[in-house]
Amino acid sequence: GAVVSQHPSWVICKSGTSVKIECRSLDFQATTMFWYRQFPKQSLMLMATSNEGSKATYEQGVEKDKFLINHASLTLSTLTVTSAHPEDSSFYICSARPLGGISGGHQETQYFGPGTRLLVL
Amino acid sequence: SQQGEEDPQALSIQEGENATMNCSYKTSINNLQWYRQNSGRGLVHLILIRSNEREKHSGRLRVTLDTSKKSSSLLITASRAADTASYFCATDRDNYGQNFVFGPGTRLSVLP
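These protein sequence lines are chains A and B, in that order.
FYI, in our numbering the residues of the first sequence are 71 to 191.
FYI, in our numbering the residues of the second sequence are 2 to 113.
One or more hints might be untrue.
DSS-like, lysine-lysine: derived pairs with alpha carbons at most 30 Å apart [to be verified]:
no.: 1; chain 1: A; residue 1: K134; chain 2: A; residue 2: K84
no.: 2; chain 1: A; residue 1: K111; chain 2: B; residue 2: K70
no.: 3; chain 1: B; residue 1: K71; chain 2: A; residue 2: K111
no.: 4; chain 1: A; residue 1: K111; chain 2: B; residue 2: K27
Derived from the structure by calculation, the hints contain no laboratory data.
If we strip away everything but chain A, and leave its shape as in the complex, we get (with noise of 0.2 Å):
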C-alpha cells in the first residue's frame, strides 16, 4: 500500500515550453502533497506544499507564476514549469501525505513518487 507515481518520469523539452507533472497517490486519498526539487548529490528541497481544493503554499524563493500547482482531487497534484528555461532541469519528485494515515503506517509519513527528470534544452 501507500503507492505515489510520478508522471511523466523522464521528459525533454525546448526552451520556453511548458511541462506538466502528474502525481498520483494510487491506492490511498491525500489532503496534502508536496513538491520537492533535488539537484544531483543534493538534498531535496520543498518548493509548495498541495492541498486539495485550495491554492498551493510555496517556499520562499519559488515563484508562483513559474510553478503552477495544482491539485484538484485527493488522488491527483499536478506541477506544470511555465517557459521552462536550461536552469529548470532537475528532479523533481512529489509526495503525498495519507489521509486518515495507512493502515500499519504513521500519520506523519510521506509516501514519494518516483521522480520525474526534466531536461530543458
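Based on these hints, arrange chain B on the given structure of chain A.
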C-alpha cells in the same frame, strides 16, 4: 539554517560491516524520520521515531534519538550491497508534522 544535517556525507564499507549515520537538527521536533533514496529514484520511508522515544528497531535498522543533543543515528547492521543508497533524515517543521526539512544526506556505498 538547515534543520537536519547528516554526518558523514559519504560512507564506504564492505559487505557485512555495520554502517552508522548521524543526523543533527536545530529546533525542537515532534518526530524524526529516516528515508532511503536509490540513485535517481524516489524516497522510501524507513523508520519514524517520536520525540518521546529513544530507540527503535526495524529489521537490520536501529535508530536512536537524543533530544537533549538534538541528534539521531541510523545503524544498518550486516550491510548488503543492496543497501547502497543515499540516506536522509527528515524532521517535521511545524506542530502538525506537515512539512519536512531534509538534511543533505549520507551517500552509503557497500562494496561486495
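Hints and how they fare:
{"no.": "1", "hint": "A:K134 - A:K84", "in the structure": "holds, 21 Å"}
{"no.": "2", "hint": "A:K111 - B:K70", "in the structure": "holds, 27 Å"}
{"no.": "3", "hint": "B:K71 - A:K111", "in the structure": "holds, 25 Å"}
{"no.": "4", "hint": "A:K111 - B:K27", "in the structure": "holds, 23 Å"}
In terms of the numbered hints stated before, the structure departs from none.
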